[in-house]
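Peer 1: Spelled out, the chains give:
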Amino acid sequence: MERLPHDPRPWPARRDEALHDPVLQATLRRVTHRLNTARIQAYQNYPAGAEARERAKHRKREAVREWEPLLAQAEQQITAHGGQVFRAATPGDVGAYIKKVAQEHGVQRIIKSKSMATEEVQLNAQLEATGFAVRETDLGEYIIQLAHEKPSHILAPAAHKNRQQIQALFRETVADAHDVVSDDIPGLTQFARQKLRQDFLSADMGITGGNFLVAETGTVVVITNEGNADMVTTLPRILISLVGLEKIVQDWDALIDIIQQPALSGVGQRLSSYTTMISGPRGPESWEGPDEWHVVLLDNGRQAIHDGPYQDVLACIRCGACLNVCPVFQQVGGHGYGSVYSGPIGTVISPLIGGMQTFGELPRYLCTVCYACQEACPMDIPLPEQIIGLRSQAVAEDREPAAVRTQYRLWGQAWSTVHGYRRSVQAARIAQRLALRHVGLAAGWLKTRKMPPVAARTFLEGWAHEQRRRRRA
Amino acid sequence: MHEPVDLFTTQWRLLGGEVVLADAAVGWSHTIEDVLAGVIDPAFPTVVGFDTGDWPKDVPWSALCETIGARFYDRHDLDVLSRQEALQDIVAHASVGVTGAAWAAADTGTVALYASAQTSLSASLLPPTHVVLLPKRRIYATLAEGLRAVHAQGAVPHLVKLISGPSMTADIEGQLVVGVHGPRRVVTVIGDW
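Residue numbers (the UniProt record's numbering), protein chains in the order written: chain U, 1 to 473; chain D, 1 to 193.
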């Protein structure tokens, strides 16, 4: 089984599909703009949040650096509170373990809250292949599960669909004959609420991800805005939390500093609507919570990242801020990346987890090195530098065809001198007059882009002309 | 002037929650009756409530709910049923769930609930309206102070839930909608009982 699922279509096909989808373009623009503005304002109006970020950043790096003793401590704490811990090396290990637990308990119906880690290991597909019914309960994830698609944004998985498409989808997939499916957004949300309510109440097993794992107390923290993770952690008798190794934080104080950062950076709120903290299964006197709690710690390449030059990327809290500011993401959305992890963070971790062979094209082509992600990242991960590092590696491992390399080399030589650059402007002007838009290097480039015309006289040419005129005068 | 109360009220309202400041002179029962009358859905005339020991004393819950045409269930009433029955047959069909709060935080507009023998998290989650009875003294100025209190007692409760406003989503076209899975309305009644 592959370490990270990927869309087998080549990048140009994914790119052009995104650029020619007007719904996606409009939604992406609106969603990314709204989230960006909210993030900036949230920190401006809340200095305590900005101060906590500074502390959180350092402590999170420390926790990642020395994670082995912390993970052992978390494991010991969880076990002491009656939970069970399993370390999964691969996606297959995760699936096998959860299937085993489900079979032992006669589980039939499973409900899930949103988790990128479960997308990474294709947990739904693994469980469904064995005959378990799995229901995603985050509204966005529910929509894309019904549509058999992948999330297009870490925080807003269905950001690429509009209300008409969702209305049609609900009608085709889950609506009964007597159901009226509204075409407005609150109506669609209510429809999903009613449908999912039945799933919540009848489920035997719940699966969550985890935003943080506190070593000192063995607490898994799950953050949502919808309240679905609260349903998942409160109602079913068996609970599984799939947590990446990098989610570890040292202690309760470290949690206090970092707990608000996903909401502040992701959606511009001081705290998401619901934060659930699980430290053990329910005791005999308690009314709610699971009878059994299993924490699955996911490696899947993380230990290798930890031991290599890109360790800092493990400080990521999956807030999505880097996606929202990225000019490439704003154009092609999550599906353009062909990985469940998109945007600048996906450009770094997809090849690190899934391999350069499959995901090398991300650092190669999907970054303009504008550094916007570096500025937005609450954990100050040097994403652009990491992308450049991976780009060099990708190019060294798998070089472009000789003809393309020759063209780039000549281009580089031409533009490395002033005269070469000026001559290229003159050449471009001639090419433009001859309408040579569809040959050479620029042909593919111009299929989905507008090339501004070369000026009849550039500024520098005009300046030189003016100088000559004044000298004559 | 009690600053955390004011800041909590501002933040909680900003998030889409409602605040009722209860006055001892009016009587806690009167205020609670008014609040319940305003949120009860006649189609689902059920109120579930779980007193964690921090509710105002001497509120005649059953009689009070009867006057607004509703039936009141507390922990004692539900204990005779299986957990599954209680959840599916009663809590899931109630229009109002009433809880206390372990604490609240003013700067984030947050209410904290712990799962315990007395507290039901489902009453704060399944019904469309959640009413929180919050003693003034339980409001901290910051979330950090509240969270420190969770750990100060030594062991962390097995399930802690922080609620900051109603359940919401922006998953369809980025438009904010309130009441996805959890309650649409969250009403905090603050008083000095």
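Incorrect hints may have been included.
Claimed, not checked - Residues from chain U that face chain D, not an exhaustive set, calculated with beta carbons under 7 Å:
(1) D21
(2) G140
(3) T219
(4) N228
(5) R270
Quick caveat, the hints were computed from the structure, so don't treat them as lab data.
Where a beta carbon is used, it is the ideal one built from N, C-alpha and C, also for glycine.
Peer 1: The structure should be examined with respect to each hint, and the outcome stated for every one.
Peer 2: Each hint, compared with the structure:
1. D21: With Cβ-Cβ at 14 Å, over 7 Å, it is violated.
2. G140: For U:G140, the interface hint holds, since the closest Cβ of chain D sits about 4 Å away, which is under 7 Å.
3. T219: holds, 6 Å
4. N228: holds, 5 Å
5. R270: Nearest chain D Cβ about 4 Å off; hint holds.
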